[in-house]
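Keeping their order, the protein sequence lines are chains S and P.
Counted the way my numbering counts, the first sequence spans residues 98 to 778.
Counted the way my numbering counts, the second sequence spans residues 385 to 712.
These aren't lab readings, by the way, just hints derived from the structure by calculation.
All of these numbers come straight from a predicted model, not from anything done at the bench.
It is possible that part of the hints are untrue.
[Unchecked claim] Straight-line distance between alpha carbons at most 25 Å, and here's what the computed SDA-like set of lysine to any residue pairs gives: (1) S:K560 - P:D582; (2) S:K601 - S:L656; (3) S:K560 - P:K471; (4) S:K221 - S:C109; (5) P:K471 - P:V512; (6) S:K560 - P:V512; (7) P:K601 - S:I468.
[Said to hold, decoys possible] Pair by pair, the computed Cβ-Cβ distance ranges are: (8) P:T526 - S:I302: 36 to 46 Å; (9) P:T526 - S:I525: 24 to 34 Å; (10) P:G649 - S:K380: 50 to 60 Å; (11) P:I585 - S:K221: 41 to 51 Å; (12) S:E571 - P:Q614: 31 to 41 Å; (13) S:R659 - P:I477: 51 to 61 Å.
C-beta atoms are modelled at their ideal positions from N, C-alpha and C, and glycine is treated no differently.
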Amino acid sequence: MKLSINWINEHCKSKFTSSELVEQLTMSGVECETINQKSNEIIKFDITPNRADCFSVRGITNELLAMGLIKQSKNESQSAEVHHDHSVKINISSPKDCPVFATRIINNINSDAKTPQAIKQKLKESGYKSINIIVDITNYVMITTGQPLHAYDLDCINSPIVVRKAKNKETIELLDGSSKTLNESYLIITDQEKPLGIAGIMGGIDSSITDQTKCIVIESAYFNPKTIMGCPRMLNLHSEASLRFERGVDPTIQIEAIDMFTILLNKIAGGENGPITSKISEKHTPKNKTINLRKNKIKKTLGITIPNIEILAILKNLRMDIEENEFGYQGWNVKAPPYRFDINDECDLIEEIARIYGYNNIKESIEDEPIEFKNESSRLINKNNLYNILTEIGYSEVINYSFVSPIMNDLNQNKVGQSMDLQNPLSIEMSVMRNSLLPGLINNLMHNLKRQHKDIRLFEVGKIFTGTKNKINEDEKISGLIYGSRHKEQWGYSSELVDYYDMKGHLEILFESLGIFEDISYKKTNHKMLHPGKSGKILYKNKIIGCIGCLSPEILFDLNLRSDVVVFEIDYSILSNRITHKYKEQKYFPSSRRDISILMPVDIEINTVVRAINTLNIKELSDVVVFDIYDGKTIKSKKKSISLGLIFQAKSRTLTDVEIDEFMININRHIESSFEIIIRK
Amino acid sequence: MSDSLSDLSSKSIQEISECSNLKELELLRVKYLGKKGAITKQLKALGKLTPSERPKAGQKINILKEKVQSLIDARKIVLADASIQEKIESSSIDVTLSGRKNNRGNIHPISSILYEIESIFHNSGFRVEDGPEIEDEYHNFTALNIPENHPARAMHDTFYFNANYLLRTHTSPIQIRSMETHGVPIKVIAPGKVYRRDSDITHTPMFHQIEGLVIDKDINFTHLKGMLHQFINTFYKRDMELRFRPSYFPFTEPSAEVDILSKDGSWLEILGCGMVHPKVLENLKIDPEVYTGYAFGMGVERLAMLRHEIKDIRLFYENDLHFLNQFK
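Okay, chain S solo, but in the shape it has when bound (with noise of 0.2 Å):
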């Protein structure tokens, strides 16, 4: 809502400059902000849910009252005259959705007079065109009083105007020239045969105002919020009555409207009245109930005491009823006046209090509490490890949103259960729930690729989802993809593309500041994203945590990449295995290394060498390094030369030549044995 400042003045017979109406109306809890336009100022209003009384001059003058900042004038309400008996008849066939409703016919109006330059202003000032006189004034009523009028071409219309539910599939061409199909939770305005409007919302082409037309039913209702409430979003038709409906209006000013309405019309374009004909459902029209309202319930809702001389003086410029309970020891009975429906409790009218008192005359305090003890909290210990190692490695965190394109959903193998698809997304790149963070890093290369980016490394923390029919999956995952260089590109480094290795060293890291390396173990997997040569499923004390390898050929060649893009996928919560390790007592002797070159063939798993070494338990062997492969051409083709050394360390004593070479024959023996490799000497 937009009003000027000089219209509020005018209203309220007072003299603010629109800054110091913002600063206090602002302080009460009405935001609003000043728009220069030209000489006026005009202020502009973004009311919150609850304060529908705000929608209007009149609402804003009450909050100001409120406030204290002007005095109360005496409202002078007018009853228009009377000068035929002519009338519609009204029939409401559903009171609970339409306790009131007000009509009046006047005839004879000069279709010729204008609007007046001062309303016409105002209206423009608050964003409204001006139509023509009959239009105009409605306008200007509403925003003078809140309450939504309108004016219906007499002669369109057959008598008598009914009030009902839609049926289903019935139609209506609307004032902005749409046409609409409603089902029965709408409310409708027909005559004899025909729709006029929906109730609340907006009227209909075929009984509209014409610049020719001398004759009008006007029509001023109360309609239950609840039944408006959300039928303007299911049309996606937002009107200013409907605004105002659907929030709701003082049910108490229907009639006053319409004498305003008339008063108004008759100075400028004449016209002959007929009586005000009403349909009143007093049982369906809402009343304020009485609230009582304790003095301690203050005290321990604000935690100050406020004197009840200044409760008292709060509440009468809210122009509350008040009785005093126990003569104010206790409280009061407390009533709102009928535009202030939102205050139905106590915790509603301490709001007031506290709201007018001022929120910032409250003081602050802290809580009494007990010294507490606190261990440093494990779940950012974790995150800090986390984020120290990836970072120092050269990955950069990012954040994609949790949903994405169904064809990066399909990237990805989904076993479990069937994608999350929302029902309203802003875009089909953005309508399912991702099922793993993979794509969203893919995302992230191929953009930065595009903006030059050639070494590339990237991780996100955050949830995929999988849905079955009986259970909704968020899992918590981190993800990490490299692309590009090993090393930055310097001197003294010839350039080499990263590949597997590079990747698992990383995660390798990860395990080992975790304290759970060794209960790590990898296998060879099929992943639908991964290279099926190049890729493997990470497990923890044997059941599986995530996967890692490189991006299949078949994904790379889409996206026209010719390097390896390594990446992974675990469990978030592995990071919170931590394991202390309890101290093992070691006194140095020194070690001894051999190293033996052997020719094995290609699809022999390195480790599973390393592990039958490791089964002979030679425990004077403390470590195998793997530090030589070679399958280049000059070996015979399907093999490959790895060499590996051996280190031999005892506990309590210097090994001897003669002892080693006693364990190096038991190896050598060994794993001839149990493959098909040879020793090259």
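Given chain S, work out where chain P should sit, using these hints.
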């Protein structure tokens, strides 16, 4: 005999003084003083002399031996110096050349702020709670005093999966879930992703919030003000001026928005808060006559935008390294 000794003497002196490196010098030491060295041989040959000749001859040889030893030692010092000098002269590097390194990665600015806030609240006794991002109507709306068709639902443009399931529009349902699980008294914060159907320079369809909830027997508005002021001072690492403005949230009453006074003198809205609405407590079978509490919530993107002077919220989700690399 005597002749050969003086020969030995002059020869060794000459050789040692002409020796040009440490390796040769070591060879000379072996040649004269080693187990089979020339001087050692002379000493061993003393046994062949008569007892009367021995002392004199022995003395001469020993003098020579000491002399050669001291010459070698002196020469060693000279040669070592020369060799160090030569090493220094022959091996200097360009100290201005860039060091050997790899790129370091960065933490997303949203994560950094979440981490910081979580840590501040953890330190003052708040437990951290998590909740599902796919929520049901009850926890996201109804339990929070937002009944069906309430205009407040329009404030949150919601993504739906079906009539019951939706993407949470705020972190407030975690309030409900943690009260269901832990009961009262309670002191929790809940950071997380939230979703609203909105997209422009100041809105993204996904963003982050942190929600806080404190419920106990004697909690009132002054505590809410005191706690938030301390939090904001801690977060900004200086004394901040605040103002509390009345506002509206269906699940708190009184409700307030909190503005901070920025260095340029304007007020910036940074969080919403209020006293937990008695209806919310009643929904959870908690007696609002006994227990009261406060709740607060803040948008993490907004805090990050203010801190780093970022104007377009969408940058957070573009994940462009030019952007991310700026948050070292």
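Exercise. Between K471 (chain P) and V512 (chain P), is the straight-line Cα distance small enough, at 25 Å or below?
Worked result: This hinted pair is violated, its Cα atoms lying about 62 Å apart.
Problem set entry | I525 (chain S) and T526 (chain P) - C-beta distance against the hinted 24 to 34 Å | Once the Cβ atoms are compared, 31 Å apart, the range 24 to 34 Å for I525 (chain S) and T526 (chain P) holds.
Exercise. Is it true that R659 (chain S) and I477 (chain P) lie within 51 to 61 Å of each other by Cβ?
Worked result: 36 Å, violated
Problem set entry | Hinted pair K601 (chain S) and L656 (chain S), Cα distance within 25 Å | Holds, at about 24 Å.
Problem set entry | Straight-line alpha-carbon gap K601 (chain P) to I468 (chain S), limit 25 Å | 18 Å, holds
Exercise. Between G649 (chain P) and K380 (chain S), does the C-beta distance stay in 50 to 60 Å?
Worked result: Holds - the Cβ-Cβ distance for G649 (chain P) and K380 (chain S), about 55 Å, lies within 50 to 60 Å.
For this session: Assess, step by step, whether the Cα of K560 (chain S) is no farther than 25 Å from the Cα of V512 (chain P), and give holds or violated.
Result: The hint holds at about 17 Å.
For this session: Could you grab the alpha-carbon distance between K560 (chain S) and K471 (chain P) and see if it respects the 25 Å cut-off?
Result: Answer violated: K560 (chain S) to K471 (chain P) is near 60 Å, above 25 Å.
Problem set entry | CB-CB spacing for I302 (chain S) and T526 (chain P) relative to the 36 to 46 Å hint | Given about 39 Å between the Cβ atoms, the range holds.
Problem set entry | Supplied distance hint 31 to 41 Å, evaluated on CB atoms of E571 (chain S) and Q614 (chain P) | Because 33 Å falls inside the window, the suggested range holds.
Problem set entry | Satisfaction of hint between C109 (chain S) and K221 (chain S), Cα-Cα up to 25 Å | OK: K221 (chain S) and C109 (chain S) at ~20 Å, within 25 Å.
Exercise. Given the hinted pair K560 (chain S) and D582 (chain P), is their alpha-carbon gap at most 25 Å?
Worked result: 21 Å, holds
Taken one by one, the earlier hints fail for this structure at numbers 3, 5, 11, 13, listed in ascending order.
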